[in-house]
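Following the hints, position chain B against chain A.
Spelled out from the first residue to the last, the chains are:
2 protein chains.
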Amino acid sequence: MSEALIEDLPSGPLDEYRKQSNFNWKSMKIFFEEDVECLGIKMRMWNILSKDPLFSRSHTVQTTEEMKKLAAKRLRRYLQYNFFPSDISSIPYKKRLRLMMAVNEGLALAFPDVSLKHAVGVALVKNTLATLGTERHEHFLEAMWDGKAIACIALTEVAHGSNTKQMKTTATFDKRTQEFVIHTPDFQAAKCWSGNLGKTSTLAILFAQLIIDDQNFGLHAFVVPIRDPRTLLPYPGITVGDMGEKIGFHGLDNGFLILKNYRIPRENLLNRTADVTTEGEYESSFSEPGKILGAALENLSLARVGIMQGSVNYLINAVTIAIRYGAVRKQFSDNGNDTEFSIIEYPLHQWRLFPHVASAVVLKVFINFFTQDYLDAVELSNTSDRLEEVNYLVSEIHSIICCAKPLITWTTQHAIQECREACGGHGYLKAAGLGDLRNDHDPTVTYEGDNNVLQQQASNWLLKQWHNLSTGKKIESPLLTAQFLANHAQIKKRKYRKADDFRNPKYIMDCYEWLITYIIEDTASTIQNFLSRGYSKFSAKNHVQVYRSCIMSKAYAELNALRHFWRKISELPSDLRTVLTNFGILYGVFNIDSRISYFYQGGYCEGPHMVHEVKQTILDLCGELKPNILGVVDALSPPDYILNSILGRSDGKIYEELEKSFFNNQGNSDRPNWWSEVIIENAPDFTHRRSKL
Amino acid sequence: MSEALIEDLPSGPLDEYRKQSNFNWKSMKIFFEEDVECLGIKMRMWNILSKDPLFSRSHTVQTTEEMKKLAAKRLRRYLQYNFFPSDISSIPYKKRLRLMMAVNEGLALAFPDVSLKHAVGVALVKNTLATLGTERHEHFLEAMWDGKAIACIALTEVAHGSNTKQMKTTATFDKRTQEFVIHTPDFQAAKCWSGNLGKTSTLAILFAQLIIDDQNFGLHAFVVPIRDPRTLLPYPGITVGDMGEKIGFHGLDNGFLILKNYRIPRENLLNRTADVTTEGEYESSFSEPGKILGAALENLSLARVGIMQGSVNYLINAVTIAIRYGAVRKQFSDNGNDTEFSIIEYPLHQWRLFPHVASAVVLKVFINFFTQDYLDAVELSNTSDRLEEVNYLVSEIHSIICCAKPLITWTTQHAIQECREACGGHGYLKAAGLGDLRNDHDPTVTYEGDNNVLQQQASNWLLKQWHNLSTGKKIESPLLTAQFLANHAQIKKRKYRKADDFRNPKYIMDCYEWLITYIIEDTASTIQNFLSRGYSKFSAKNHVQVYRSCIMSKAYAELNALRHFWRKISELPSDLRTVLTNFGILYGVFNIDSRISYFYQGGYCEGPHMVHEVKQTILDLCGELKPNILGVVDALSPPDYILNSILGRSDGKIYEELEKSFFNNQGNSDRPNWWSEVIIENAPDFTHRRSKL
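Protein chains in written order, with full-length UniProt numbering: chain A, 1 to 693; chain B, 1 to 693.
If we strip away everything but chain A, and leave its shape as in the complex, we get (with noise of 0.2 Å):
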């Protein structure tokens, strides 16, 4: 592992507390970039990127349609580019597709809009096709990997999102022309929300009911070219457009499209699990089951681990900015004093933003690691033979995908914003990049499934472990997340004693353990509860979401980042474990205190001690990483062409960066051209001197 990819940081106003760390913040920078290969191709993409003035980090003022023509033109120098290494197709898999998340995850801290484009028009698209799409799709594939089309995913409709099952877009065989007729019924059953569609993409790989003689067959994939790639006009049958201005991601082009009776031929639906006959019948192929699982566990959560990496980055971001921020900012003095203390001194401050960093700390580690389980899973699946295997593990990996998406997003939404009102007045301004962070990181909460149904997910799958234990069969956990229910009738018994060490990660863990069971439980027999009461199972499940399932899934999510952390950590040089411990610990206890009344209702615990122990063990933690806070924000961050930020860049120097940002923006300094507009008529002029006095 070679620190010297690793560049200095600048000399300045941070210094001071620089010094104070007590552990190799370049050692610390390469454990959270996982990997040397992943961060060097990150840094050279980096640094050419940073040499073109097409991809210049300006705050400069554009207009969203500006942005959407940037964002195109950046995609295509993007393609040009190629930064991958041009043996990339022979790399194998898990290396491949790591190398390609880290180029993704580069692109998207600077660029999120571009990122975004290459991934659904690019990226995913080439996934589906290679898993859901046959030999008879290649050309389609061929023309992706060559760069000649950028392709959108059509699956939203107007009025239907997370309730796939009820798209109202049809696809119907027409035996006579060996042509399905794809048809939008009514404006409710527009496609909408696809990026790539408003404006730009020529191809969609377009989801529908596939109905042969009035029969449906339910939803399925096809491939609908949609704009002429020649002069970007739609063809005819095809209304697209753009959606209109949204809160964030200005350069993304999100489209509806509606299709009036548009045939398109037989061999465009994606065949891997069922086709169409030219007679019209219609025929699954289960012939490969496990790989039909692999390819499902991949379209389904790619873009989910996507999502959860960029969201990490972007804490990332938000807690640098505040940090350095903090450290640099100086107000009040003890009384009669005129030395001003930098406002990361009180303990008000470094309890806002502390935890933000330790999540930071736990989550970057935990999505690192988590990636490679989901890789190797989507591996096995797609080279076991053992089916039952197969399927919990898939089922496994999509319930933590379901909890972590959640708990990563809105951690990072809770961060950023707090961050933004830690920075003061300064941290609403456009150049202190915070509220960029904010509104791009927003979507993330609601799309790709949103968070509250993805958590409902998950809680099925604990609520099912919980059903097997209590029928005697055993836990389909092969990646042991939800083994420890094994232990319930231990656990319930576990009781807070005033011996108990919060300091202790083990002893953390056994609260998760006890925290999680409790509530299953619970939730478990409320259900039983309300079913005989003559609820149906539907109605029972939605009447135990609120403090119950809901939280259950949060628990299990921090349960399963803690635990990888954990892990991870213990095998580094003990100046950085030590370190990281303590950060780990606060996450943990962070986020104990804010469920602690469940221990209290579980009986895990009674009188004042607990309540009081946690919340004094995160205040003294507060204090105690203090000295190493500058350090490990240090080691997570990205370097300043990326951070792009006034408040957060690595020298410190914000008073300097304000001046120039205040002079050197476009027209700040000048009279407006409208100003004869709004002049009022015969204002006095307050320079002459009154005599009245």
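Source of the hints: derived by calculation from the structure; they are not laboratory data. One or more of the hints may lead you astray.
Copies of the same chain look alike in the list, so a pair counts if it works inside one copy or between any two.
Claimed, not checked - Straight-line Cα separation of at most 25 Å, BS3-like style, residue types lysine-lysine; simulated pairs:
no.: 1; residue 1: LYS126; residue 2: LYS474
no.: 2; residue 1: LYS537; residue 2: LYS330
no.: 3; residue 1: LYS506; residue 2: LYS260
no.: 4; residue 1: LYS148; residue 2: LYS653
no.: 5; residue 1: LYS495; residue 2: LYS615
Just chain B, lined up with the frame of chain A:
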């Protein structure tokens, strides 16, 4: 009270829910509006503005420069309209202020940038001149009344916001020329963030350290001409400009200002409280101490009261959008059934939104009636000669505001985010309105006193009352907000019993009194502990913020809000009172739940019962409130022209509006004019069938 003022709501998909409510929403609306005159003046304004093309509510994309121009032109037009009654100057103080506030509220809801330009550039400056200035500043005041000047208030500096004492701008008296020489020593002392300063204001009320013969007499206010009103060009010696792009409030030109030995006449010092004689003598004038206190209260607090009013209105807008959308949007059905449920039917969705509706209800009533207390206090302080009483009153009002502004603005901020998420993907559209609400509301949590700093001031006041008690002095609480502390011995003895009823407003208030008493006592003793360990008072107070002072302030703010609420609704007819009581209870128990750990920590309860009851009460209330939720939102919400959300329309026709929005937006369906710059060369045309298979 005439309900005839209020139009019926249009029929549509919301009828189903509207029919379920069991009260007259128009009567409730009049209650929420407080005063039929206030409602009338707003409706008249809205009616006029809605017909003026300059005030059209389009979602058309504009550059920041265009938005600044538009805001400046709108402000001019708004001043020309003059929505106040012609006899405004003869209306008694309280009534006059309330009407002015109503107009401001009405404007701020739809045109926050125009409202803020007016508030800081006209209203606050007028007020400052009237209260801090004397007869020698009448020509300035006249000009403001006549709409002949747009000013700004220049207090904050680049490196100092909260700590005003450390401002570095100086105003040095030059006896020879009878002038003050205003000087900005370095960029960190540049004035910044002043609204209107960026592009348009011609005058500044500037705060600077007053220096005479090297002696610093502290911060004083001066009138400083900065731009020539005939040309809008800055005067020599003035460097002024716009701060550049922000997260929101795009129409407001926040500026910076650097003065290089810039001279103003001696008379431009606002000399109500202190003056400098022609001989260079500094003279305090304490001739009217009550008035001075009143003036200070008015100047400090008027802006904060306005922020709270505006923030509650934003909260109302956000919940209106999400509740109406949730009633129309359907997703998922019970097994084997095609009829999907409105998402508002799901307990989780209710729990996500209804507590925010409860906040809107309670805080709207609170801010209306607290505004009366505030105006009474200002009036009393201007007329009373009982100095001690006025002093206490001013302090108490200040403490109520210092905790209410954080409570309200944070509540709104969280609610807007939840509402945006509860509207799913469509909530991410600009036309949904939630993004602009969030971005324009965002600065309220850090400006006019950072929320965390303000909270500390409120807790200091409470601690002072506690100290009074423990030293045998009386509680200085003429408004009786802290009078309950006198009862502390009894309050501390309270314990939770199973018979306690969370449906009883009185019991909720008992819980609050216990909570605040417990935290104050704990905080006071912890401060003593720190002091005895050698901490300075400053440091000790900083160490009790987390988990103590902050929580104390929040709970005290909620107690004040609920107290006003119960008192006011007690005057209502029983149909309204019954509904509103339940919203008040939901507000109370929801917030008690979020601090339940203190009840365990302080020994108020033990075992599972209390937390279980609290949570169950919340869940039950959500279910019970559902039939009335639409009606309450209708009673709270402004007309569609003001709400301006495709998802929140009063006719519930969200899909029709989405369709219009997709098709009517300029350029949505056009090929972009940059199409030829991004097409891919030699891209295959996939509409030509392949003969491959």
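Verification of the hints:
| no. | hint | verdict |
| --- | --- | --- |
| 1 | LYS126 <-> LYS474 | neither (38 Å within a copy, 76 Å between copies) |
| 2 | LYS537 <-> LYS330 | between (57 Å within a copy, 19 Å between copies) |
| 3 | LYS506 <-> LYS260 | neither (61 Å within a copy, 63 Å between copies) |
| 4 | LYS148 <-> LYS653 | neither (45 Å within a copy, 41 Å between copies) |
| 5 | LYS495 <-> LYS615 | both (18 Å within a copy, 23 Å between copies) |
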